[in-house]
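Colleague: Chain residues, written in single-letter form:
Protein chains: 2
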Amino acid sequence: MTTVRPESRLQQSLDDVTRVLDRHRVLETLTHRQEGPKRDLLESLQHRQNLVELHKRLRAMHPADVAFVLEALPPVDRQTVWDQIDADKAGLVFVEVSSAVRAWLVECTERDALVALLTTLDPEDLGYISEDVPPEVLEQASRTLESRDRQAFEATIQYDEGQIGHHMTHEWVAVPETHTIQQALADLRSRAELPPQTDRLFVVDARNVLRGSIPLQALLLADPSLPVLASVEADSTTFGAVDSVQQAASAFERYDLVSAAVLDARGKLVGRLTVDAVMDFVRAEADMRTLKQAGLTRDEDLFARPVDSALNRWPWLGINLVTAFLASRVIGQFEHTIRDLSALATLMPIVASIGGNTGNQTMAIMIRALAGDQVRGSGARRILSKELLVSLLNGSIWGVVVGIVAVALYANYALGAVMTGAVVLNLVVAAVAGVAIPFGLHSTGRDPAYGSSVLLTFITDAMGFFLFLGLASAFLQ
Amino acid sequence: MTTVRPESRLQQSLDDVTRVLDRHRVLETLTHRQEGPKRDLLESLQHRQNLVELHKRLRAMHPADVAFVLEALPPVDRQTVWDQIDADKAGLVFVEVSSAVRAWLVECTERDALVALLTTLDPEDLGYISEDVPPEVLEQASRTLESRDRQAFEATIQYDEGQIGHHMTHEWVAVPETHTIQQALADLRSRAELPPQTDRLFVVDARNVLRGSIPLQALLLADPSLPVLASVEADSTTFGAVDSVQQAASAFERYDLVSAAVLDARGKLVGRLTVDAVMDFVRAEADMRTLKQAGLTRDEDLFARPVDSALNRWPWLGINLVTAFLASRVIGQFEHTIRDLSALATLMPIVASIGGNTGNQTMAIMIRALAGDQVRGSGARRILSKELLVSLLNGSIWGVVVGIVAVALYANYALGAVMTGAVVLNLVVAAVAGVAIPFGLHSTGRDPAYGSSVLLTFITDAMGFFLFLGLASAFLQ
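For the protein sequence lines, the chains are A and B, in the order given. Residues in the first sequence are numbered from 1 upward in steps of one, following our numbering. Residues in the second sequence are numbered from 1 upward in steps of one, following our numbering.
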């Protein structure tokens, strides 16, 4: 047995592969520079040796580690590595990479090779990547599935990505309710291996309706002569196939589950949700939230082609441009005021910026509470009044500080007072917007984070300019 | 057996508790309004009945669900619920709530009750919450631990929160390498129950050095007469107690682990890391990242006292204020230019805003790549050159759009040209800053997300103002 420290192993893998690739690249450059038949032969021998070494190293690596290496490599190296992966491992690697890199692999793999690779996958994995491959390739690959697997595959793709049905496995161990522990154990022993993440057996009746589950541990400790129903867990968590994975993830976390039964509307066992699928979902969700909050429409390959990258960023860039123009029109209305006192132009971004900052703080707290389903009608009102108090408190302290600095800079007391007033009022605006925007997005069924930042900044900018310049034109003329 | 849909259960719990609380509150209001001894008696009877019902409902709930309800309730209701939780459940609930609510509970629970509650916890849980309770309370509670548990507790708190040692459990099943499968099974059966999330047994030699692990599944399927060493997994993942949990989390995700051995420097078995601890860590990490990115110094109770909330937001508010002032000083240098052409004041926030937006997009991608350890020296350079290309591409397209709008608004071609130039240059600045800031934070060992937004906005604001006003004063006079 060898025990392995995963991180050293992972970084080691990346280092190893990079080293071989570097040698490979140096060689290619040399070959380009110097011609001549004898040199050529030598080089090509060495060249082949390098590829053989690369192949050997990749063969020894876990598919998830190969996926990690692929994601971290720029396209030219990625191609070299991809070409050296064994056909039987390529499928698993294809499932493990990020969807952005998967799109890249689809593009640079020939259609027949792609189909061959997909046929090595089990039906759940095929369902998992179904949205990333061209429909005709998927169709061709799924035709090779045996009828039972084909059913599982079709069951998977009939649910959408947010539903448990899309993420459940169709492999589980079920025993009839009439069995004894002894019979259940004999049943298990007759199998070559159990499906991964099997921590419990499901007990079903003759119509496949779930009667309960027995943890493997309980099975090991139970009296073999007792019926299985006697060892069934008193209170076991189950899910519906159409329920949201998001909520299943919270349940796995709260109740420390490893696997759970998935039932159809009539209580029949149709699948099993495992902790690894849940963890993949949680991680992907967290990653996407960060990207979406920053205004990216979808996942992006680290080494994407610049044109693809640029396009991925257009929608939010465009929206931001429109909102920035709208906010600036507010300033446009006060150009005569600014002409009279150009200090206003200098100070106005401060009012806008401090509003954006505090609004984002409020919003972060709201988004987390909403994502956890912890805000009810009366709760939202309470949070709003708390946030209003906080903003008045912060506004009156920091507003005065800002006012004093303005007076120090421009020796103009009225200007200082206007500045203080504008900061207090804009913080109130920020508090209201910080609570209202995520709440509004959430109550229309959207992710409370999506696009919230752009919307908030628009409001705090526009109102910051309006409050400051409006107060100035009213009191400083 | 009852099978339970977790979400309906959870929302049901919250509804039930809220309903009882509402009744309780209405009653309190009535009691306040109307006096009189007879009314009083009746009310207090009903009052007591409500509390009894609340108590009954709470007793039937999972500790994690009670924690969820506590987090979602405003302080006055929270207190009522907390008072009705049984002493033996209160400890588990205390472990499950968020650290912000835990701080609230510490404040409103008497010291003796707090100590009593902590003595019901196992050593790992006590270690887990050790930083949230006053040291003297912790000391008092840990004194009641038996010597073995006390050792485990002390082992836990000697590691810091980022290390695996702080999150591992000290409960596992180990068998001597000299045992047969038969003996190992007998060993298991002699126990009343196995520790939670036991998916494998550890095989150790006489000096407690790990020789490998056997999945429970393999144990069930193996020939009972063989020695345990024959069934040991060929390639099992282990961790060091001082390794980072962050990296362990990636490994759990990549290799779909349920539990893994934790070893000391000499290869001795000192703990076991389980998937539930890893998942809690991943979730907490993702939550904290969102909060920290928005400029909150620590987790915040949804219903915190306004003063506490305000203070939590001060550090970043202060920093933001300073950077906003610094950026505005750039404008201050050009006040005479603005006096001549006040349209500049109107347009300059657009240049700053579009820079901030694209910079944040670049940064989101960098942060994710760095958090996943996928960026090496040459990778960073490649990403930078890609981002520069993207910014030039987006800049020349959107910059021209912006320029045309400016011409349309002010009928001034030179102004449009200056606007276009400033947007292109500021997008280049944003690309450089978006790659450099997280890379810089990461290479000094910090979280690449922490404070990155404030820093980026400062740079894109200041440079946006400088480029636009600088170009204007050079070319428009």
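You may find that some hints are simply not true.
Pairs of lysine to any residue residues, derived as SDA-like cross-links and limited to a Cα-Cα distance of at most 25 angstroms, are as follows [claimed, not checked]: (1) A:Lys292 x B:Leu388; (2) A:Lys89 x A:Glu71; (3) A:Lys268 x A:Arg148; (4) B:Lys292 x A:Gly372; (5) B:Lys89 x A:Arg148; (6) B:Lys292 x A:Arg148; (7) B:Lys56 x B:Gln79; (8) A:Lys89 x B:Gln79; (9) A:Lys292 x A:Ala265.
Read the hints as simulated data drawn from the structure, not as lab findings.
Colleague: Assess, step by step, whether the Cα of Lys56 (chain B) is no farther than 25 angstroms from the Cα of Gln79 (chain B), and give holds or violated.
Modeller: 16 angstroms, holds
Colleague: Quickly compare the C-alpha distance for Lys268 (chain A) and Arg148 (chain A) to 25 angstroms and report which way the hint goes.
Modeller: 18 angstroms, holds
Colleague: If you draw a straight line from the CA of Lys292 (chain A) to the CA of Leu388 (chain B), is it 25 angstroms or shorter?
Modeller: Holds, at roughly 21 angstroms.
Colleague: Straight-line Cα separation of Lys89 (chain A) and Glu71 (chain A) no greater than 25 angstroms?
Modeller: Holds. Lys89 (chain A) to Glu71 (chain A) sits at ~16 angstroms (cutoff 25 angstroms).
Colleague: Are the Cα positions of Lys292 (chain A) and Ala265 (chain A) separated by 25 angstroms at most?
Modeller: 34 angstroms, violated
Colleague: Holds or violated: are the alpha carbons of Lys89 (chain A) and Gln79 (chain B) at most 25 angstroms from each other?
Modeller: 56 angstroms, violated
Colleague: Between Lys292 (chain B) and Arg148 (chain A), does the CA-CA distance stay at or below 25 angstroms?
Modeller: 48 angstroms, violated
Colleague: Compare the distance between the alpha carbons of Lys89 (chain B) and Arg148 (chain A) with 25 angstroms, and conclude whether the hinted pair is satisfied.
Modeller: 46 angstroms, violated
Colleague: Take the C-alpha atoms of Lys292 (chain B) and Gly372 (chain A), compute the straight-line distance between them, and say whether it is at most 25 angstroms.
Modeller: 18 angstroms, holds
Comparing the model with each numbered hint stated earlier shows that hints 5, 6, 8 and 9 do not hold.
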